[in-house]
Structure formats: structure tokens, C-alpha cells
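2 protein chains.
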Amino acid sequence: MTDRSPYQNGVVQPLLTDLYQITMAYAYWKNNKKDDIAVFDLFFRKNPFHGEFTIFAGVEECIKFLENFKFTDQDISYLKTVLPGVDERFFDYLKAVSAKDLKVYFIDEGLVVFPKVPLITVEGPLPIAQLLETTLLNLVNYASLVATNAARFRLASGPNTTLLEFGLRRAQGPDGGLSASRYCFMGGFDGTSNVLAGKLFDIPVKGTHAHAFVTSFAGISELNGHHMLPFRGGSGKTADIVELSLKWLDTISSHLDFIVEETNKGELAAFIAYAISFPEGFLVLVDTYDVLRSGIPNFCAVALSLHEIGYQAKGIRLDSGDLAYLSNKVRNMFTLVANKMGIPWFESLSIVASNDINEETITSLNQQGHSINSYGIGTHLVTCQKQPALGCVYKLVAINGDPRIKLSEDVNKVTIPGKKNIYRLYGADGTILVDVLMSASEQSPEEGKRLLIRNPFIASKRAFVCPTKVEVLLKLYWDKGQVRYSLPSLRELKERTCKSISCLREDHKRQLNPTPYKVSVSDELYNFMHEIWLSNQPIGELA
Amino acid sequence: MTDRSPYQNGVVQPLLTDLYQITMAYAYWKNNKKDDIAVFDLFFRKNPFHGEFTIFAGVEECIKFLENFKFTDQDISYLKTVLPGVDERFFDYLKAVSAKDLKVYFIDEGLVVFPKVPLITVEGPLPIAQLLETTLLNLVNYASLVATNAARFRLASGPNTTLLEFGLRRAQGPDGGLSASRYCFMGGFDGTSNVLAGKLFDIPVKGTHAHAFVTSFAGISELNGHHMLPFRGGSGKTADIVELSLKWLDTISSHLDFIVEETNKGELAAFIAYAISFPEGFLVLVDTYDVLRSGIPNFCAVALSLHEIGYQAKGIRLDSGDLAYLSNKVRNMFTLVANKMGIPWFESLSIVASNDINEETITSLNQQGHSINSYGIGTHLVTCQKQPALGCVYKLVAINGDPRIKLSEDVNKVTIPGKKNIYRLYGADGTILVDVLMSASEQSPEEGKRLLIRNPFIASKRAFVCPTKVEVLLKLYWDKGQVRYSLPSLRELKERTCKSISCLREDHKRQLNPTPYKVSVSDELYNFMHEIWLSNQPIGELA
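In order, the protein sequences belong to chains E and G. Position in the first sequence (first residue = 1) + 146 = the working numbering. Position in the second sequence (first residue = 1) + 146 = the working numbering.
Calculated directly from the structure, the hints in this document are not laboratory data. Hints should not be assumed to be uniformly reliable.
Listing some non-contacts, in silico: residues in chain E with all C-beta distances to chain G over 12 Å [unchecked claim]: (1) Leu-392; (2) Thr-509; (3) Ser-587; (4) Glu-592; (5) Pro-634; (6) Cys-649; (7) His-654; (8) Glu-677.
Once the Cα atoms are required to be at most 20 Å apart in a straight line, the calculated DMTMM-like pairs of lysine to aspartate or glutamate come out as [said to hold, decoys possible]: (9) G:Lys-411 x E:Asp-548; (10) G:Lys-559 x E:Asp-468; (11) E:Lys-192 x G:Asp-502; (12) G:Lys-532 x E:Glu-506; (13) G:Lys-176 x E:Glu-426.
The beta carbon of each residue, even a glycine, is placed where N, CA and C say it ideally should be.
Based on the provided sequences and hints, a complete structural model is requested.
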């Protein structure tokens with residue numbers, strides 16, 4: 147547990163909740179139900195982004211919330227103003243409440259998860275378990291949503307593309323930006339532009355410069371006579387990088403088919419200034435004026451100058467235009483320079499793309515063919531444009547050992563009653579076959595032994611399954627104040643996520659019409675559930 | 147300024163930025179540009195939600211950020227690990243940087259604003275002005291987006307509907323939830339379910355109970371013999387509320403056409419428990435089992451019992467089903483009870499609706515006809531489903547007094563160069579006519595005097611305008627460390643927002659195909675801008 151991030155947003159506290167949790171707690175207390183033992187399941191009903199899987203995230207934050215769950219005197223004073231007429235003794239009770247009376251089960255953070263499977267099960271005194279609802283939902287919903295989004299971008303772009311999260315400026319608030327950086331890294335990204343996220347969560351931070359840097363230079367004269375750059379290796383020799391760059395610009399103009407007079411000299415000055423500052427990390431934005439007639443010529447001129455004094459440039463970034471066309475065109479120009487000048491590495495300079503990219507853009511670029519090595523992705527990644535919320539819910543499934551069901555006109559919204567165990571069954575090829583929900587009292591499935599599983603809602607859908615491996619999904623992480631499992635570092639979570647996704651069959655992961663993963667119940671749980679359902683549902687009357 | 151909220155998320159700090167701001171600052175410093183005086187404009191290019199207006203929000207947070215803008219030793223240590231090879235003296239410079247050298251102009255928080263108009267103009271040393279970019283964008287983008295969304299819900303629902311924000315559980319992180327509560331209140335909502343937001347920002351908090359409260363009771367016996375409720379007024383007399391409720395259930399069954407045996411007795415117990423806890427605030431969720439055959443009968447029985455001992459019930463909440471049909475049906479049942487029992491107020495009990503409501507749902511309900519008094523709105527409001535990000539940008543427009551322009555293939559992305567003043571011109575009827583951008587050196591428009599205004603991009607679009615009132619929009623809020631204007635309380639901002647929207651012509655506000663509001667430039671700025679544009683844009687060659 148030494149790897150846990152020390153950070154948690156200070157606003158994660160018991161008052162970060164809906165008022166109705168407090169009013170309900172009061173009504174439970176007032177009606178002598180404070181010692182009733184409740185079981186709540188936290189789950190979602192539908193995978194996001196028209197996909198068929200979700201990455202579960204937010205466990206560490208939930209555990210920290212449980213550890214710190216305590217109403218302060220100031221909280222109580224405020225609540226008294228909001229709830230006049232409430233029995234004073236309730237506030238004494240509330241003041242003493244902690245998560246020490248609860249057992250909380252979690253699925254491991256970073257695993258792929260599916261609809262209707264409890265991600266968290268909370269068991270304990272009814273008012274206390276109730277009071278956790280909103281905060282747990284808040285901590286799980288966005289974390290899981292954005293981790294899933296990141297994983298989808300990773301699947302779309304393939305394993306060899308560098309993915310950078312650039313979303314802070316468009317995120318839904320400061321903390322939205324931080325969470326995005328953290329959970330995108332976990333979901334499969336390689337780094338972030340967000341410096342604070344880098345510091346707090348040990349994520350690689352990346353970035354070069356913006357258009358403003360380029361437009362801040364109007365011409366070479368604005369370098370203020372600052373032209374000299376030392377040769378790499380510390381020989382003490384220096385070179386006039388302006389002189390070199392102007393020479394190279396001239397040299398390559400015929401090869402790259404541009405007119406020297408038409409390249410923007412402010413842009414050239416900016417690139418030189420950047421090279422002087424970061425000779426080892428020369429990667430610049432080339433679309434401020436005109437990519438092919440100014441940006442790339444200027445870049446090549448400076449990169450060749452750097453080469454002459456021992457440095458190897460990194461590459462360029464495109465932030466507008468037709469990314470497939472431009473990246474291919476740029477790659478051709480790099481190849482041409484590589485060949486003409488006999489500098490092989492010039493061919494494989496990095497091309498970063500970063501203009502309003504979403505999952506579909508990447509797929510479309512792949513179909514068209516492109517030469518991009520890396521994407522910088524902001525808005526659509528962090529705000530989850532395609533579906534900005536994951537609909538996790540928190541439902542009461544048992545009280546004092548009696549199962550409870552929430553009915554609905556919409557069958558999909560009916561809850562699966564009772565305290566349950568969840569098992570993930572693996573096939574012989576190592577892929578996961580099915581998640582099975584079973585009553586807590588049932589024996590767990592056994593490897594190599596046939597098991598009858600059922601669709602929870604459709605009687606005719608039944609199957610036998612014979613697992614090669616059985617994994618217990620819900621684990622007792624929080625045992626009345628004790629944390630029973632270690633919480634991995636973010637890098638470990640990233641590996642776990644990657645591994646979990648790799649166990650999922652390809653057809654569940656594809657972008658278009660993926661096959662739904664089967665979530666099933668045991669025969670016993672099926673019968674139990676439907677008995678309770680019928681006993682709670684009055685027979686309708688058509689009128 | 148005594149009204150300012152003391153709260154600011156601790157993560158709002160100089161490191162909450164993109165790494166490239168730091169690398170650029172270094173390159174400016176390294177190339178002797180640290181004392182260049184830059185002007186940056188922060189603006190957006192397109193109103194959100196297919197609308198034609200935006201509410202500007204986040205000013206107070208930006209000011210607090212400016213006040214606290216200071217790199218700590220710990221920040222510097224971290225940056226050194228991220229940027230090896232950077233000249234040590236730069237970090238000494240960075241350590242000394244503050245916002246005290248800047249002038250920052252803001253439009254008043256809460257005003258309606260439009261594309262291309264600078265909402266913030268930052269003027270000062272290039273590296274320092276640059277370093278603010280990401281954080282300012284982050285603080286303005288979501289705040290303005292969600293305030294605008296709230297304002298649109300208010301316009302759709304009309305002035306007499308109570309609007310409550312219920313979004314915490316689905317918000318993009320803890321802070322997303324808090325910001326949503328704050329800026330939705332400003333944008334036109336009446337309250338929130340978010341207790342911490344209530345405490346921090348003095349927003350009315352609302353809430354009753356969830357389905358879990360209802361399902362936690364299986365029958366009357368679970369009231370544990372707790373049946374007595376004192377008469378209102380402190381006479382000391384008490385009544386058995388279970389006995390009363392069962393009596394009333396029987397009495398009204400023939401009027402409301404339900405079967406007493408089919409009403410859910412667990413639900414009745416839950417309602418009684420809630421009434422015992424909150425006799426003065428009896429508002430319950432009626433759709434756990436069956437709205438018309440169980441929820442409403444049980445509600446009416448308990449409400450009539452409360453009436454018998456002096457209390458007036460508040461109403462019901464619907465969280466599923468056909469809200470138009472159900473709300474009308476429920477209103478009819480209330481009217482029937484009001485008439486049969488001679489209790490006039492029963493007819494006007496509150497009907498709250500809260501199932502996945504968005505702007506279109508409200509419009510559609512209005513078209514169908516409904517009987518809803520209040521909406522509780524979560525997911526779509528706070529995550530801004532229709533468009534989860536506002537695309538504010540931060541562009542360099544001048545340096546050392548020289549104008550700078552950012553060109554683009556997309557004309558809409560070309561920036562308007564130079565330091566500017568912004569004026570809002572009003573017509574005789576008090577509505578706003580046009581926002582005009584003028585060069586900082588120009589004389590301001592005068593009331594009653596004709597002014598030539600131009601579309602910034604289309605030469606043929608010109609008009610004369612004669613304003614009745616002229617308002618200066620960009621104000622010097624932050625004058626080198628001094629805050630020159632008071633920052634209103636949240637309630638004052640709410641009033642300002644409401645007033646500002648009321649000055650906007652109806653056709654700009656309508657949901658379907660609203661008329662674009664005109665943002666114009668003066669003739670002088672038009673000519674100035676196009677001269678610079680042409681001098682920076684090479685003539686293309688068709689090939």
C-alpha cells in the first residue's frame with residue numbers, strides 16, 4: 147500500500163452527497179431502523195460508447211473516502227440549518243457514524259466489467275450504507291467512463307502509436323482534468339500534458355509549444371542577436387544556428403519544392419529559438435502559416451542545422467487540416483531529405499497529430515492510410531463527447547437477510563435481489579467466457595465442472611459452461627475498517643487493465659456492432675429472483 | 147468583496163497547466179523575450195448547444211487563481227525532473243514570477259456573451275501571460291458551458307417552474323459536481339441536491355428520498371410499533387398515523403378507483419415513516435411499484451392523515467414512465483380528492499419529475515401538456531450531454547504593441563489582431579443590438595450617434611447603428627495585483643444573468659433555428675485586420 151497516491155481532492159467528504167441521503171438516514175434512525183443490516187449493489191446497466199465492455203476505475207478513491215468518512219462539527223452545524231425540526235439526538239448519532247461498521251466488496255480496479263454485475267457491494271447498518279451512495283457513484287462513474295474511453299482510443303490506434311492526453315483546458319473543471327489524466331493513463335495512454343497530474347500521479351508529461359510561440363516572433367531580428375548554439379558533446383565549439391538554418395533552407399528548397407521567400411521568417415525564428423532552448427528535444431508545431439510551404443521547410447532547415455552540430459531532432463506536430471494527406475506528404479518530404487542528405491533517421495521523425503481527434507477520426511485515418519506516430523487528444527477524450535456520463539446506480543438488494551427487488555416497467559431496470567457472489571469463467575484459450583452471478587449461499591463454480599447458467603430475464607436462454615479457470619470477482623476489500631487487499635500503483639493498474647482487455651474476445655472489442663458479453667445468473671439465483679419478482683408485481687389489468 | 151466564496155479547489159495552482167506553457171516560458175526567457183509585452187485574448191468561436199448565446203462564468207475563480215499564482219519550491223523541484231538540461235537560472239526566474247505584472251480585463255461574470263468577443267484579455271510580460279493560458283481556459287470553459295445549459299433549461303421550462311439540479315452522482319468528478327451546482331444556480335436553477343455545494347456557495351438544498359427507502363420496508367410491521375405522531379401546534383395530543391392511513395386508504399379507494407389489497411404495504415410503511423420524520427415536508431417518490439395503483443393511493447392516504455392532525459403535505463415525485471400522462475393523471479386524482487374531501491390545497495400539491503430529463507424533454511412535455519411543477523435534473527444538465535465542452539481558446543493578438551494574427555485554412559479560426567475594446571450597443575427598447583470590437587486606440591461609440599459596423603470576415607456586410615445605450619464590456623478587473631471591481635455574490639450573479647438574458651431578443655433565444663446575434667468590428671478595425679491578414683498570407687498556387 148506504499149504505492150498509493152497521497153492525493154485526494156479535499157471536497158471528497160461526507161457532505162459531498164445528495165440531501166436525500168441525510169433525510170433518509172434520519173427517517174431510518176427515527177423509525178428504529180438504524181441497526182437494520184442492508185446490502186447495496188453498485189452497478190451500471192449499459193456499456194458506454196455503443197461498446198460491449200467497461201473498465202472499472204475509482205476503487206482507490208472509494209477506499210480513501212471510506213477511511214475518511216466522518217462528519218465534522220461544522221458539517222453538523224450546517225445540516226441543522228438545512229433540516230430544522232429534526233430530532234437533536236439524530237445529529238449525535240450522525241456525528242458518531244463511520245465506515246467502521248461496514249463490509250465493502252469491490253471488483254479489482256482495472257478489470258473489464260459488464261452491465262448488471264455489482265462493481266461494489268456495501269453491507270452494513272442501513273443508514274450508513276445509504277449515506278455512501280452519491281459519493282461512491284461520483285467517484286466510480288467518471289473514472290470508469292474516461293478509463294474506458296482511453297482504452298477504446300488505444301484499441302482504435304493499435305499498440306505502437308503513442309497516445310498523449312491533452313484535455314486539461316476542456317475538461318469539466320480542474321478536478322475533471324486531473325482525473326482524466328490519471329484514468330486515461332490507466333486505460334492505455336502513454337502520457338499527459340497536465341503537469342500537476344504528472345506530479346501527483348507519476349505520469350510522464352509531454353509538450354512542446356503552441357501557435358502563440360510561433361506568432362510571437364515576427365522575424366529573425368527578434369532573436370535579439372541570440373544565435374549561437376554549442377556543439378553536442380561539450381567540446382566547447384559553438385555554431386551560428388541562424389546562419390546554418392538559412393543555408394539549409396536554401397539547400398533544400400529545390401528538393402522540397404518551396405520558395406524560400408515564401409517561408410515565414412517569424413516561424414523560422416521561433417523554431418530556432420525553440421532549438422536553442424531544447425536542442426535535444428526539437429519537436430515543433432508546423433501549421434501556423436502553411437504546413438508544406440513554410441512549416442516543414444523551416445523545420446527541416448533547423449533540424450539539419452542541429453544535425454550538423456550533433457543533435458537529432460524529434461519531429462513535428464500537425465494541429466489542423468487533412469491529417470491523412472498532410473502526414474503522408476510530410477513523411478515523403480522527410481524521406482526525400484533522408485535520401486538526399488544521407489541521414490537515414492530523418493525518415494522516421496515523429497509526426498504528432500492533435501486536431502479535435504476522436505475514436506472515429508483514428509479509425510478513418512487508419513482506413514485512409516496515414517503516417518502519424520502519435521496523437522495528442524483532448525476534448526473528446528476527457529469530456530467523453532459520445533456519452534459524457536456512465537449511468538452507475540446503487541440499489542438496495544437485501545435487508546436483514548431478506549432480498550429486496552426494485553421493479554420497473556422497463557425490465558432492464560429490474561434489480562437482481564439478494565447478496566451475491568460474482569465469478570468470471572475462463573475458456574481453454576485464456577479468454578473470458580462469462581460472468582456468473584450466484585446467491586451468496588451457493589457453492590462456487592469449479593474448474594472443469596459443468597455449470598448451468600441462465601439469462602436473468604429470458605427463461606429460454608440457458609447454457610452449460612465448463613470453465614478452465616474460475617476467478618472470484620467481488621472481494622472483501624474493506625472489512626470494517628481494515629483494507630484487506632493492497633491497492634496497486636497507477637502503473638500496475640495500467641498493466642492490469644491492459645491484461646484484462648487482452649483476455650476479452652476480439653468480437654466483444656470491435657468498434658462496429660460488437661458482440662455482447664454474456665452476464666448470467668445461476669439456475670438457483672434465476673429461480674429465486676423470479677419468485678420474488680412475481681410476489682412483488684401485482685397482476686395488471688388491461689383497461 | 148466580502149461576499150466572495152472562500153472556497154477554491156486546492157488543485158487550482160500554477161502546475162495545473164499543460165507542460166508546453168512551461169517549455170514556452172523557458173524558450174521566451176532563453177531568447178531574451180521575457181520582458182516582451184504580450185496581449186492574449188480568451189474567446190470561443192461557436193455558441194454551445196446549437197444556440198446563439200452563452201453565459202460567461204468563472205471570473206471569480208480566475209481572480210483567485212491570479213491572486214495565488216506562485217510556484218512553490220516543490221513545484222520547481224518537480225519541474226527540474228521533467229525538464230533536464232534547462233538553464234538553472236530559469237527556475238530562479240520562475241520562482242519569482244507572479245501575476246502582479248499583469249493587467250487582466252474581464253467581461254462581467256453572468257453576462258450573455260458571443261463568439262469571437264474576448265471574454266478575458268491578458269496584457270503583460272510574454273512568459274507570464276502565456277503561463278496562465280491552460281488554467282484560465284479550464285476555469286472558464288466548463289463554468290460557462292454549464293451555466294449556459296442551465297439558462298437554456300430555464301428558458302425551456304418557463305419562469306414559474308422550480309428547477310433543481312440533481313447531478314452530483316453523474317458529474318465528471320467531485321469538483322465537476324460542485325461547479326455544476328454553483329453555475330446551474332447562477333444560470334437559473336432554484337436549488338441543488340448537493341449538500342456541500344449548499345454549504346460552500348449558499349445554495350438552497352433539496353431532497354426527500356430514493357427508491358431504496360421504499361424497498362427497505364416490506365410491510366407495516368417494520369415500523370416497529372412506531373406509529374404515533376403529535377398534532378401540529380404543540381397541543382401534546384398524538385394520533386396513530388398507521389390507523390389513520392389505513393382508514394383513509396379504504397375511504398378513497400372507491401373515489402380513486404384502486405384496490406386496497408393491491409397497494410404495496412411496504413410502500414405505505416415507508417411513506418408513514420417519512421411522514422413521522424418530516425411531517426412538515428411530506429413529499430415522496432411514488433413510482434417504486436405502480437404509480438396509479440399503489441404510489442398515489444398510499445400518498446393520498448398518508449397526506450389525508452397528516453391533514454387530519456394539522457399538517458399540509460407537499461407533493462410527490464415521479465422518476466419513471468410517461469411523465470406527461472402520469473402527471474396529468476395524478477393531478478386529476480389530486481383534484482378529485484380536493485373536491486370529494488373539501489381540501490382545496492390538495493389540488494395544487496407539487497408534482498416533481500426527475501427521469502433523465504433534457505431540454506428537449508421539457509419542450510416536448512410543454513407541447514403535450516403536463517401537470518409538473520418542478521424538475522429534478524441530473525445527468526444531461528451537469529455533463530452537458532449535447533455538447534460536453536465549450537471550445538474557448540487563448541490567442542496572442544499583440545506583442546510589444548505590434549498586432550499578431552493566427553491564420554488558418556478555416557476563415558472562422560482566423561484571430562482578430564491587436565488590443566481591443568468591446569462595446570455592447572442597446573436599442574431603444576432596451577434589447578441589445580450588437581457587440582462591437584474596436585481597436586484600443588479608437589474613440590468609444592456614443593449614445594445617439596451613428597456608427598458604421600462591419601462583419602469581420604465578409605466585406606459586403608456593413609451597417610449603420612445608432613445606439614441608445616453603450617456599455618463597455620471588457621473591464622480592467624485585475625490591475626497589477628489590485629482587484630478594481632467588486633465580485634458579486636452568487637445570488638447577485640444569478641440576478642445579473644437573468645437580467646442579461648432578458649435584454650436579449652426572443653429570436654436569439656428560441657430553441658429552433660435561433661437568429662445569430664451580430665458581433666461586429668469597427669470600420670477601422672476591419673481595415674487594420676485585413677491589411678495584416680494579407681501581409682501574412684502568402685498567395686496560393688493552384689497545382
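Evaluated hints:
The beta carbon of Leu-392 of chain E sits about 17 Å from the closest Cβ of chain G, which is more than 12 Å, so the claim that it is off the interface holds. Chain G leaves Thr-509 of chain E outside its interface by the beta-carbon criterion, the shortest separation being 21 Å against a cut-off of 12 Å. Distance to chain G confirms Ser-587 of chain E as a non-interface residue, since its nearest Cβ pair spans about 20 Å, more than 12 Å. Annotated as non-interface, Glu-592 of chain E keeps its C-beta farther than 12 Å from every C-beta of chain G; the closest such distance is 34 Å.
Listed as outside the interface, Pro-634 of chain E is consistent with that label: its C-beta sits roughly 21 Å from the nearest C-beta of chain G, beyond the 12 Å cut-off. Annotated as non-interface, Cys-649 of chain E keeps its C-beta farther than 12 Å from every C-beta of chain G; the closest such distance is 29 Å. The beta carbon of His-654 of chain E sits about 25 Å from the closest Cβ of chain G, which is more than 12 Å, so the claim that it is off the interface holds. Interface exclusion of Glu-677 of chain E from chain G stands, the closest Cβ pair being 15 Å apart, more than 12 Å.
At roughly 16 Å between alpha-carbon atoms, Lys-411 of chain G and Asp-548 of chain E fall within 20 Å of each other, so this suggested pair holds. Restraint check: the Cα-Cα separation between Lys-559 of chain G and Asp-468 of chain E comes to about 15 Å, which is no more than 20 Å; the hinted pair holds. About 15 Å separates the Cα atoms of Lys-192 of chain E and Asp-502 of chain G, which keeps this hinted pair within 20 Å; it holds. The straight-line distance between the Cα atoms of Lys-532 of chain G and Glu-506 of chain E is roughly 18 Å, inside the 20 Å bound, and the hint therefore holds.
Only pairs whose Cα atoms come within 20 Å are accepted, and Lys-176 of chain G paired with Glu-426 of chain E is accepted, the gap being roughly 15 Å.
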